[in-house]
Amino acid sequence: MMRVLHEKLTKGEISARELTQKYLDAINMQDSDLHAFLYVNVEGALEQAEKADAIIKRGEATLITGIPFAVKDNFCVQGMPTTAGSQILENYIPPYTATAVQRLLDQGAVLLGKTNMDEFAMGASTEQSAFGPTKNVHDTTRVPGGSSGGSATAVAAGESVFALGTDTGGSIRQPAGFSGVVGLKVSYGRVSRYGVIALASSVDVIGPITNTVDDAAIVFEAMAGRDPYDSTTSPHPVPKASSIQTMNLKGITVGIPQEYFETEGIEEAVKVSVEAAIEALKNFGARIQSVRLPHTAYAIPTYYIIIPSEASSNLARYDGIRFGYSAKAARDISEVYNMSRSQGFGVEPRRRVLLGTFVLSEGYHDAYYKQAQKVRTLIRMDFEKAFRKVDALITPTSPNVAFPLHTKDQDPLAMYLQDVFTAPANLAGICALSIPVKNLKGTLPVGMQIMGPAYAEEKILRIASTYECVRAKYRKG
Amino acid sequence: MKLEKQLIQHLAQLSRITMDAYEQELITKDLSRIIAHVDTLRSVKTQTVEPTHQVTNLSNITRDDLVTEKHERDHILKSVPSQEGGYIKIQKVL
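Residue numbers (the working numbering), protein chains in the order written: chain A, 1 to 477; chain B, 1001 to 1094.
The reader is advised that the hints may include incorrect statements.
As the list claims (entries may be wrong) - Stretches of chain A that chain B covers, calculated by requiring three or more beta carbons in the stretch to come under 8 Å of a beta carbon on chain B: (1) 300-314; (2) 335-341; (3) 360-369.
No wet-lab data here; the hints were simulated from the structure. Where is the CB? At the ideal position from N, CA and C, for every residue including glycine.
Could you put together the complete structure from these sequences and hints?
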């Protein structure tokens, strides 16, 4: 989609300003119902579009120049409200811009605004936002997934060409799956996290949500690579979007982890639709092989020890003094901390801070936190062993399609189990993406997850791109 | 394991989070269920397994300590809850 827009922009068929206005109009028309955006950058976007038009005129445009995009509200953008979906950051205006966003702006991309999310990215439905839920564009009585639900809806509803999200346990892939768009979780360390509000620093990654696999590859290439401001960024060379092969999977072996398909509660529609999509890949030369990842069942318990631990530490900085919300009635310093945090945090951050404090506390640390870190090693080793035999692994993105609003938001454990297929990739630091497949038993989108070894984005994009071509053929037929 | 009221109160105090009795009861129930779920990890044999702290295999990544960008004072002042006359303003609580 971005290549087509790029051609129109460079041929002068449409200006960046007109394109931006078109997307601002779409937001204006639809977003009061969908609530994908928390902040719309009307004047700023039009100004950026004019600058993009000047770049295009000079003949210096890249594939990103003049393309309107949105970012999840946990990306700091200088001068723009950045709430992370939390009351405690209401009115917080960062003094600097996240590296990932800056790299896109430097190429003349146009920032439409900030999208809704579960508070501090803690959730799988976007219902935990302090500012109200986002709706699924395919059925507005259902959730868009989360925590990057605003970004997924913005792209699926045509309110943005692409959007950035963050993924700590599935927060890009699951909403992409629920919303019928593409979501790429990059390998840990591929894209700088500088300027992204931290949830769990050893696991957090950022990535694009897009309409097509090619768009994901283009945005990935534009953002990835070493950043001196994030010491965890990798020196590995970044693949070129244009070098990703398609329609040819000769020499590629795809592993099917049996544990995922045997998971209790997996919906029949999801299972058969993903199985059919895997079958279709055979026609392009892919070899399919069954594999075992024996520690899969321990991923969620491991995840819900490690993530709250890191979150409780990362959220300690919200003290009512330095950022956002501060309780006015406080009489001494400890009341400022206690009242600001109790009033400013919603229920899920409070729950995770308490849980994280518990598993890290004296007497429980070894039994919980240290044990979880050891099981994390076993989960990594499962993947390492599998990737010695296969190039990539394919599973459903989620065990179910998008669920109705307010059916899981009072049950934290049910919400946590949404991450059952996505969290393992985060714990291992490998790359993974979600691509929509044809739903054989219904109308709601079904996501297929493709996981690859760390820094093997090119490989999973190649498989996804090939499936996308197959799907396009189905549609024509 | 059962979470005693005293333990929850201790955790709340460590976390600088205040809860009323009703909220405390709800959160105790939720945490007990979550902990029962994560307790399944205790059965995994890990005596000979090293813990994973990070997945990058990078170590001692540094950069030169040079000023490469400057933050505008006005931008920084915009990021705090309250300001006056170019100063960050906080309540009289210290």
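Review point. If you check each hint against the structure, which ones fail?
Key: Violated: none.
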